[in-house]
Structures are given as structure tokens and as C-alpha cells.
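Student: The residues making up each chain are set out below.
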Amino acid sequence: MKKLLSKAAAVCCALALSACGSGSKSAVTPPDGKLDKCTLRFSWWGGDDRHEATLEAIKLWNELHPDIGIVPEYGGWDGWTEKVSAQVSGGTEPDVMQINYDWLITLSPDGTGFYDLGALTDTLDLSGFDEDMLSFGRVNGRLNAVTVSVSGRSLFYNSDVYARLGADYPATWDELLALGGDFRSADIYPLDLDIQSGGTAWYLAVVYIQQKTGRQFISMDGTLGFTEEDIANALRFYKELEDAHVIRTIQTRTDEDGNAALYQSAEFIGGKIAGVLEWGSTVGKYEAVLGDGVLEAGPLLTDAGGSSGGWMIKPSLLYAVSKGTKYPDEAAAFIDFLLNDKQCAQILGTTRGIPASRYAEESLEASGKLRGLAQESDEQLEAVDTMTVSPYMELPRVKEYCNSAIEKVSYGTAGPDEAAQELSSSITEYLEKIKK
Amino acid sequence: MKKLPVYAVLTVTALLMLYPLLWLIGASFKENREIYSSMWFMPSRFDLSVYRSAWRTGTGFTMGHYFLNTFRVIVPKTIFAAVSSVLTAYGFARFDFPLKKLFFGLLMGGMFMPAIVTVMPMYLLWSRLGLLDTYIPLTLPSLFACEGMFVFILIQFFKGVPREFDEAARIDGCGTLRTLVYVLVPCIRPAIISVAVFTFLWTMNDFLTPLIMINSTEKYTLSLALRISVDSTGQGYEERKVIAMSVIGLIPSIAVFALAQKKFVSGITAGGLTG
Amino acid sequence: MKKHIYRNPVGVSKYTGLLLILPFAVGAVLFILYPFVSSFILGMTDYSGVGEAEFTGLRSYRDMLADSDFTQAAGVTVRYALILVPLKLTVSLLVALLLSCEIRGMGTFRTAFYIPSILGANLAVVIMWQYLFKSSGLVNQFLGVFGVSPVSWYGDSRFAMLMIVLLRLWEFGSTMVIFLTALNSIPREYYEAARVDGCGRVRAFFSITLPQLRSVIFINLVMQTIAAFQEFNAPFMLTDGGPLRGTYTLGMLIYQEMFRYSNVGYANAVSWMLFAAIAAAVGLMFVLLRRKGEDER
Chain A
0 MKKLLSKAAA
10 VCCALALSAC
20 GSGSKSAVTP
30 PDGKLDKCTL
40 RFSWWGGDDR
50 HEATLEAIKL
60 WNELHPDIGI
70 VPEYGGWDGW
80 TEKVSAQVSG
90 GTEPDVMQIN
100 YDWLITLSPD
110 GTGFYDLGAL
120 TDTLDLSGFD
130 EDMLSFGRVN
140 GRLNAVTVSV
150 SGRSLFYNSD
160 VYARLGADYP
170 ATWDELLALG
180 GDFRSADIYP
190 LDLDIQSGGT
200 AWYLAVVYIQ
210 QKTGRQFISM
220 DGTLGFTEED
230 IANALRFYKE
240 LEDAHVIRTI
250 QTRTDEDGNA
260 ALYQSAEFIG
270 GKIAGVLEWG
280 STVGKYEAVL
290 GDGVLEAGPL
300 LTDAGGSSGG
310 WMIKPSLLYA
320 VSKGTKYPDE
330 AAAFIDFLLN
340 DKQCAQILGT
350 TRGIPASRYA
360 EESLEASGKL
370 RGLAQESDEQ
380 LEAVDTMTVS
390 PYMELPRVKE
400 YCNSAIEKVS
410 YGTAGPDEAA
420 QELSSSITEY
430 LEKIKK
Chain B
0 MKKLPVYAVL
10 TVTALLMLYP
20 LLWLIGASFK
30 ENREIYSSMW
40 FMPSRFDLSV
50 YRSAWRTGTG
60 FTMGHYFLNT
70 FRVIVPKTIF
80 AAVSSVLTAY
90 GFARFDFPLK
100 KLFFGLLMGG
110 MFMPAIVTVM
120 PMYLLWSRLG
130 LLDTYIPLTL
140 PSLFACEGMF
150 VFILIQFFKG
160 VPREFDEAAR
170 IDGCGTLRTL
180 VYVLVPCIRP
190 AIISVAVFTF
200 LWTMNDFLTP
210 LIMINSTEKY
220 TLSLALRISV
230 DSTGQGYEER
240 KVIAMSVIGL
250 IPSIAVFALA
260 QKKFVSGITA
270 GGLTG
Chain C
0 MKKHIYRNPV
10 GVSKYTGLLL
20 ILPFAVGAVL
30 FILYPFVSSF
40 ILGMTDYSGV
50 GEAEFTGLRS
60 YRDMLADSDF
70 TQAAGVTVRY
80 ALILVPLKLT
90 VSLLVALLLS
100 CEIRGMGTFR
110 TAFYIPSILG
120 ANLAVVIMWQ
130 YLFKSSGLVN
140 QFLGVFGVSP
150 VSWYGDSRFA
160 MLMIVLLRLW
170 EFGSTMVIFL
180 TALNSIPREY
190 YEAARVDGCG
200 RVRAFFSITL
210 PQLRSVIFIN
220 LVMQTIAAFQ
230 EFNAPFMLTD
240 GGPLRGTYTL
250 GMLIYQEMFR
260 YSNVGYANAV
270 SWMLFAAIAA
280 AVGLMFVLLR
290 RKGEDER
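Residue numbers (numbering that gives the first Met the number 0), protein chains in the order written: chain A, 0 to 435; chain B, 0 to 274; chain C, 0 to 296.
Next comes chain A alone, as it looks inside the complex (with noise of 0.2 Å):
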């Protein structure tokens, strides 16, 4: 019975892996003796902007390359997850795609889930990217994606709130801590910090303890590099910032905001929340909501001696090619033209983030169109000594682990050191489950 199971779910298996490859056969007429004529399905999500920009995009490349077609494949963040992973998990995913970053690990886990582009750098020129911005996409050695943009969280006030106040920017943690204290009589908050999927709450205590101790929370490599008592500490001061005042308890920002992300809340619309945390790359609906100029850059926060070490950076997309493609050199072709090219970078603009490649970002630089909040904080961290976010600290489980600690040690259910010991037991097991 047992071996016939394993035998049926070998066949399931297999069927769940057998590749039905994608795009169109069809006569091979050499444009410029080294593509093929074919047509090539990519998929992307996202807003109006990046749909329209990137139509748009495709149909330059059309002119450029009239022998292959492109069918465009989109929608929302909605579900999108869901729907790519049926995809390749049928082998039917799209020549090229538009990819997360921590769907490096789940699809792909041994790097072996998405064409290896360093075999195509024939049509793909990778020379707009140092080696750092290329690690991203790596996975066991194969380049499985190559980055579109990069983004790091930076603070953000609303400086109306601020100046009526009387109040500066915090540039340290302690003076962050110190803010409390005027706010408190005035009835706001300085900052927010959630534990919804952004998970901001996590996200800063570990910026914190990667600059106070140098040790990165978890390695590229998949690796809890926090010891138990660094998250304890992490947690601790958590824990501390809800007690100074300077965010609100998980409780009491449930209460007021429901599940709604910040920027959906009229607390802080009205000004009652005066801070947020958030990617340089998104921070553009949380000054919608503000009015003209209101949102302003705030500096990273440094120890009392100026340490500045410790934010983080991450590609915020990448680009890959379907392993089971059966153009993969047009594919190449295809991301190198979205990457690199001027005039597609003209179109595409910053609907993707600021370019990571060089040739994109000089491109919009020299046309003017690299400015605004994304763009100061993007600065910021060049300026700074940053660490990568390792693509297992996105996984989706392990940020539930670290929400659900900061959770416990905000309603009290858990003490730091309780809490801190359960977190960090429960990655170590997962990590090393999901590297296996």
C-alpha cells in the first residue's frame, strides 16, 4: 500500500513538473541572423502607471524587433503569487517574468527554477550592474534574475506636524526615544511601526541591533546570524518604543486602523501619526494622502557616536526567464532592451523604481526624472554603509515568526526573553527545513 502511494505521488509529482514550454512555434526567419522569429509571453503586476509605461514599452520594441511579438500578461498584486505559482509549478509560466525577490527561494530553492541568464549574455549585456547589484539574483551560483530596482527603507515625517511642534527630525535612537515625551502631552505619535505584512515593527529593531552589533539578522546564505539575546535586545526595544510614546501599542493601532495600511488611516491623515517607515520606492501614497510637499525625508538614525551601519537595502524586482523557455536568447534579448535601453527607460521612468542598471538610471538622471522623496532616500543609503536584506528574511513564514513575536511582547503574552527564545528556535528549524 505504502509503495504504491509513494508510486501515485511520484506521477503526481511528475505531472506537476512536466514542462509544457511556452511560446509559439513558428518559421525560423532570422531578423538579423541571430534571433528567431517567435513570440514571447511576459507577465508583470502592478498599477495603471507601470501597465501603461510598460504597453508602451512594447510597443517600441515592436518597431525595433518586428519578428518578436511580445503578449503582455498582467494584473494586480492580488493573488498574483498564487497565480505564478500554479505556473511554474505546472511549467507554465511566462518566457519572461516579473519576479519578487524571496521568489528566488521558493521557486527555485537549488537555483535551478529559472534559466540561467549568465549562459545568455550574448543578447543580455549585464555590464550596467557591479557585481553587489547581480549577487541578488544568484541562486546557488546561477544567475536566475537580474535586478530592476533597488530600495532601502528610510523615515519619513510629516513635517507640518513637526514644525508645530517645535520638533526636529531625530537623528539618533536616543533622540528618537526622546520624542516621546512632547508628543505624548500633544496627544500624537512621531512614528508607526506595523506588523502587517511590511512588518516595519521587526524591520527597525533589527536595523537597530545590525548597527549596535554588526551581525547581520539572517545571512544571504540563509543563516540566523542574531543570537538569542540579540533578538531579545530587538525586542526589548521594541518594547521600549511603545513605552516612550513614541508608536503606538499593537493594540491600540489595531483599534484605531483596523487591518488598513497607514497610509488608508485617517489617523494619520488627520496628523495624529506623525512618521513612517517605508521603501524609498512606495513611499509616493503615503505623501499622496498628505498634500504638496508635506511628507519630507527624515535622516537614518545612528548610534550617540555616528554609527550609521546596518540599514538595509534589497531589489524590490527582478526580471527572469522561464527554464522551460524555448527562446531563450530572444528572452535575453527581450529584459536586456526593458533594462538597459535609453529610450525604454524614457518610457518606463521610475514605474519600477529608480533603475538599477547604470544605463537606465544615466539615462533618466540626464532627462530630469529622477527626483522626489524616492530619489533622497536612495541617496541616504548610498551614503551609508548598508547591509542586503537576505531574500529568507522576506519569506513570508519567517516575517509571520517575527510579527508574531513583536505581537506577544506588545499584548504581553511573552517577555522578550520568552518571546526571543521561541522566535529564534522556530527560524533556525525553518531555514534549515527550507535550505534542505
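It is possible that part of the hints are untrue.
Unchecked claim - Derived lysine-lysine pairs resembling DSS-like cross-links, with alpha carbons at most 25 Å apart:
1) K398/A / K368/A
2) K398/A / K341/A
3) K322/A / K435/A
4) K211/A / K435/A
5) K58/A / K218/B
6) K99/B / K13/C
7) K58/A / K36/A
8) K36/A / K432/A
9) K13/C / K158/B
10) K13/C / K100/B
11) K435/A / K36/A
12) K398/A / K434/A
Simulated from the structure, these hints should not be mistaken for lab results.
Just so it is clear, the structure is predicted and the values come from calculations on it, not from any experiment.
We have chain A already, so just place chains B and C on it with the hints.
Tutor: Only chains B and C this time, still in chain A's reference frame:
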């Protein structure tokens, strides 16, 4: 005059029921900041151009296109579901046959399993049949009465019709199918209509299955198109446009219900139990 | 072995019924049996959605019982079903009674009362609920009039659960429609006879309406129990399962394990546990409530 209290109760409750819809319509004219900070439905200004841009969407296809796509799924699906569920329920309610218990078990079992579990196996099946990115995965299962819930409802309603009706029909010379069409269906028409209406409404809202099965934006159904501009990971978006799209998207559902609701409560006493 | 005797009308073959359900029989194999078998097999592997899977036998089921997330979610789910189902049946029956009287303009009211169910978990509903239940929301203001101190709706898991129940109660549409359909099939003569006998409205409700509704009460009970056990969307939208996992249902757990945490094997195993629980609950209803009805006909 006696009815006044009834009207009063109904009106007050109806307002409670309708307020979110009212607010939704109001919100389609508001800036994001106004949406998130006020519960009052009335917008500070009316600008109908949002509906023009909502109708155009940001995708190269108008909402009319997505409506047509949706109807191409929903019309066959509703007809399939109604016909196949009636036949199947009739079989279960009125006849005894080999393997009846097994099939009834499968019928009920199909309802007990969380739907998302079947999503992946079905995806792989359709992919092997080469039918992804077509409407077949969305409509074909209805032809096989696979919405256990509908069959279950209809079985119970069939059982409510006295067996003497069938017998009388048989004596009058009606065969199995004619008994169904001329005697039983009229008796349970309200239930059949409610099943059809449920199919329609639930298909309008169904999101995950079309999302997984359909790839080309050109073939998106309305429920997919409504979220095409929603990118919670990105720079944010104009909420009012998404809301305006969803207001437009609600119209068919509300219209279908309003047209059908009379049928839920009509006709049965005349043709039915007392006849 | 005792030979089964097929009780059918005279002249009807024992295959007539089978022929009628033939489409379903084919569909059941393709669309029910096939996914069930693959899900059952997946439930005994450690499949992660991609790559190879290892056969792990019943390990997922053992892990489940040791997994505090699972046991807590199971508790939440059962509690939710126990609170919601009786309330929802009562409310939708009352509304159906109200909406079944034939007065001018009733169609508009029926449509209005169904609209919450059409909206489902639309953004408008989520935002509305926020305005109602946040700490300074309308509900707390209203309670304040009676001197009740503000309730922590979102932040306290007991109240968060109640809030979700209220959302689903407010969406009573489909249950109400089924009641409505059946209410009007009760012959008017019954009520007239009762009135002649001097029976009041309340007595008539208990001695005529309720017994006549027996079979639709059964339908709604079964369907709402299934829906409550599988609840996913309402807590997902309103509370994301929080606070402290107090509204984290099994439906949410399965979804998250399957799609967020790439733990496909485990998610399938949990689904089978949920399947067994629902089957047991509904089976019990069939035994307790249906037998008498079967005999009656």
C-alpha cells in the same frame, strides 16, 4: 395606515443595508485622503470624468470588453448549472439506482472540501489538456452539475413536492422527463431561479479560479479587471477609479437580483401543494 | 449478502436514475474524485509547490496535532461556527418573514436587503466596518450614550470574532432567499384554518410555519455550517486572523500554508482534517434531523 410601522422598519433597515453602497458611490468622486478619513458618503465635489476613465480602464480594453468576456462565461455557466443540477437532483430525489449512496456521498463530499484544495490539481489537469487561457475551465464543470450545493438545495425542494404528483402524471401517460418538465419544475421554479441567480452572482465575484486559469489580459473577466490597477506593493493608486470600476461592476448583479426577486415568491402556491 | 431492492415507480428501470445523474457521475470523477485523490496523496508528501516531493506518510497529520497554530485555528473555527450559524439562521428567517408579506414596493426592499451579500468583502465593506468598529467609531459612540466604555473591537480577539460574526450576519442574503422561496410555498389555507381556530400569529408561526420550513431549515443549516467551517474571506479582509491569532480560522490557515508558505503538502493534510470535521458535523445533522423527514414522505 396599518402598514405604516412595517414600512418604517423596512425603510430604516434598508438604509442600514444600503449605506455601504451609497458610500461606495460617493467615494468614487473622492480623493484618496477623503475616502480614508470620512464616513460621510457625500463627496465634496462631483466629477463624472472618473467614470469615463474607469470605463476606459488602464489596460487598453474598456470595461465593456470585460463585461462581454464575463457574459461569455456567465451565460453558459448559469444555463449549464441550472439544467444539470435539476436533472441530477431529480435523479437523486425521485429514483433509486445502483451506486446511489456512493454518488450522493461524492456530491456532499465535494461541498465539504475547501475549494482552494482543488485549484492546483484542476490547474494541472486543464494545463495537460491544453485548455488554459480559455473559458472552458470556468464553464465546463457546470455542465456536470459539480456545484454540489445547488444539487443539494434542489434535492430538498424536490422532496417537498408530494410523490402523488408524479404518480398522477404517470397515470396521465407522462414519461420520466415529461413528468419533470411539466409537473415538478413548475412546482419548484422559485428554487431553480434562486439557484440560477446564485450561480450568476457568485460567478461575478469569483476571483481565484479565473485568475489562475486565464493568462491573457484580453480574456480577463470583470472580477480580474477590477483589480488590475490595484497594486498594494507599489506607489499607490487612485482609489476612486478602482471604486468607480467596482460600482459599474455591481450593476449587473443588482439588476439581475432585482429582476429575479419577484420569482422567488411567486407562482408556487397556485401550481403547487394545494393544486 | 442481502440483495438490494430498488424502490422505483412501476415501469421505471433501476438505471433511469443513473441515467439522469450521468453527467454528474462523469463530472464527479473528473472534478471531485480526481482532485480529491491528488490532494490526499499530496497530503502525505512534503510537496512545496515546486521541485520534488518526498513521501512522508501520515507525518503531516501527526505534526498537525502538535502544531499550536492548528489547534488554535481549529478552536477558533468551531467557536465561530457555533456562534454564527444559529444567529444567522434566526436573523435570515426573521427577515424572510418580514419580506414575504406582499405590500407595495416590497421588491425594492428585497433587493436592498440582498445588496450586502452582493458586496461581499468589497473594499467598501471593509472600510465601513473600520468606521463602525474602530476605537472612536460609531458603535463605540453609540454604546457610550449608555455609559458603556469604549470596546476594543479590533484589538481584542473576543470582540474581533464578534465583529466578523456581525459582518456575516449582515450578509444574510442567500440564506434569506432560500427561506423566502419556501415560505411562499406554504398554503395560505393552513393559516386561514388556524385563524378560524382562533390561533394567534405567534402560535401559527410555531405550529405551521416552522414545521413546514423543516426541510429548508435543514438546507440552510447544512450550507451555513459548511460555509462557517470553511470561513476565510471575512477574517482575511477584516483582521488578517489577528489579534494574537484569535480570528485565524482553519480556512485561513489552509490558504496561508498553501500559497504564502509554500507548504502544499501540509495544507492538503489540514484540508482533509477539515473535510472530516465537516463530514462528521453534517453527517450528524442528517442522522438527527433528516431521518424523521425521510419517513414522512
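Student: Hint by hint, say whether it matches the structure.
Tutor: We went through each hint and held it up to the structure:
no.: 1; hint: K398/A / K368/A; in the structure: 34 Å, violated
no.: 2; hint: K398/A / K341/A; in the structure: 37 Å, violated
no.: 3; hint: K322/A / K435/A; in the structure: 22 Å, holds
no.: 4; hint: K211/A / K435/A; in the structure: 31 Å, violated
no.: 5; hint: K58/A / K218/B; in the structure: 20 Å, holds
no.: 6; hint: K99/B / K13/C; in the structure: 10 Å, holds
no.: 7; hint: K58/A / K36/A; in the structure: 17 Å, holds
no.: 8; hint: K36/A / K432/A; in the structure: 43 Å, violated
no.: 9; hint: K13/C / K158/B; in the structure: 19 Å, holds
no.: 10; hint: K13/C / K100/B; in the structure: 14 Å, holds
no.: 11; hint: K435/A / K36/A; in the structure: 41 Å, violated
no.: 12; hint: K398/A / K434/A; in the structure: 17 Å, holds
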